[in-house]
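Reminder that position 126 of the sequence shown reads as 111 in the working numbering, one-by-one numbering, no gaps.
Where hints are given, some of them may not hold.
What the hints assert, rightly or not - Below, simulated DSBU-like cross-link-like pairs (lysine-lysine); rule was C-alpha separation at most 35 Å, straight line:
#1 Lys115 / Lys312
#2 Lys20 / Lys255
#3 Lys20 / Lys200
#4 Lys83 / Lys255
#5 Lys83 / Lys115
#6 Lys138 / Lys255
#7 Lys143 / Lys122
#8 Lys17 / Lys255
#9 Lys183 / Lys20
#10 Lys143 / Lys110
#11 Lys17 / Lys83
#12 Lys313 / Lys20
#13 Lys20 / Lys83
#14 Lys83 / Lys26
Hints were generated in silico from the structure; no laboratory data involved.
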Amino acid sequence: MKTIYRRLCVLGMLTPVLSVNAQMELDKANFKYTKEDILTKTQHYRLELEAAQIGYQGRHVSVGSGIRLLAYHLVGDFSLEGGFVQRWMARIPYQQHKIGFTQFENMKPFTGREFNLAMSYSIYKSYENKSELISVKHENTHRIADLPVRIYKVIDIKVGMLYYDLPGQIVFENTANFNRPVIHFMQNTRAITLGISKKKLQHDVFSTDLYGIVKQSAFGELFVDFLYGLGESFPDVLYRANYASANDPEPSFYNPISANTMQTIRNGMKYNPFGGLLGYRSGGMRHGFGATVMFGFRPGYISQQDIGFLDNLTGSFTMAYHFPIRKK
């Protein structure tokens, strides 16, 4: 009897509805449905309005917003993507009393911006038809239905360019016996990106006799990018932060340093050209909210101490509204 019941479900004549509980037991209620829409190709355009990004860069916590454009499988298996983020506010969540030199005559936190442009190519593409548990609602009752869906899986490789403002508080080698060998300045990172990503795309619409129109849509991307910096970015001018006393948390005045002191500081710094990003992006194949979580290590100067790499760690959480346009 169970075998006959399952075959009817596969044919679309019957679908089991599961009650939402720990056992996920079959409910006796069934409903009829027809397939109204399905994702038939992966080619589409996507606009993501990043309403809010909370980030961490070089010991700075920031809030920003941006935009991302994706032309997926624009020509064959080739895709283009680009993104821009402007940071509007930032703060440094600890005292400044260790800062010895600054890029400007103040200790204000840096904001900055991000920009990336990349081209990708799909090295693997397939789809599978399977059953998936989908939430449905009838009056005030929520249930889980087992419905047939189509899921596309794609693996892409990409190459691109990255511009990233990386604020930092870098500790240099204390070769000149400076009391506070720390610089507060902005590193303008320019890097080549080489990456790989795995994407999941899905869009199914059902017309049912009991639950009305039921939609299931998903877009997910797990990505890893490798970064190679294209050169050092060091300020043309630095200012010494002068404190009234050793315990004073804020400098009392600033004065520009000499060329010899500038060269001594620069000689005591080390540049790391390598970095990487790991992240996951979620959304849908129809308009709606999505999110991106990303962690990374950026190319740039690193502090001359045991945990110096922490200066170049970055992370962000972004909420965005997606506008995908499918090519049918």
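Against the structure, the hints come out as follows:
Note on Lys115 and Lys312: the hinted pairing holds, with a Cα-Cα distance of about 23 Å set against a maximum of 35 Å. This hinted pair does not check out: Lys20 and Lys255 have alpha carbons roughly 60 Å apart, beyond 35 Å. With a C-alpha separation of about 10 Å, the suggested pair Lys20 and Lys200 falls inside the 35 Å cut-off, and the hint holds. This hinted pair checks out: Lys83 and Lys255 have alpha carbons roughly 19 Å apart, not beyond 35 Å.
Our distance criterion of 35 Å between C-alpha atoms is broken by Lys83 and Lys115, whose separation comes to about 59 Å. With a C-alpha separation of about 42 Å, the suggested pair Lys138 and Lys255 falls outside the 35 Å cut-off, and the hint is violated. Only pairs whose Cα atoms come within 35 Å are accepted, and Lys143 paired with Lys122 is rejected, the gap being roughly 41 Å. Distance restraint check for Lys17 and Lys255: the Cα-Cα separation of roughly 67 Å exceeds the 35 Å cut-off, and the hinted pair is therefore not satisfied.
This hinted pair checks out: Lys183 and Lys20 have alpha carbons roughly 27 Å apart, not beyond 35 Å. As the CA atoms of Lys143 and Lys110 are separated by approximately 15 Å, the hinted pair is consistent with the 35 Å bound. Distance hint between Lys17 and Lys83 is unfulfilled; the C-alpha atoms sit about 69 Å from each other, more than 35 Å. Between Lys313 and Lys20, the direct Cα distance comes to roughly 16 Å. Compliance with the 35 Å bound is thereby established for this hinted pair.
As the CA atoms of Lys20 and Lys83 are separated by approximately 65 Å, the hinted pair breaks the 35 Å bound. Proposed proximity of Lys83 and Lys26 is contradicted: the alpha carbons are some 57 Å apart, above 35 Å.
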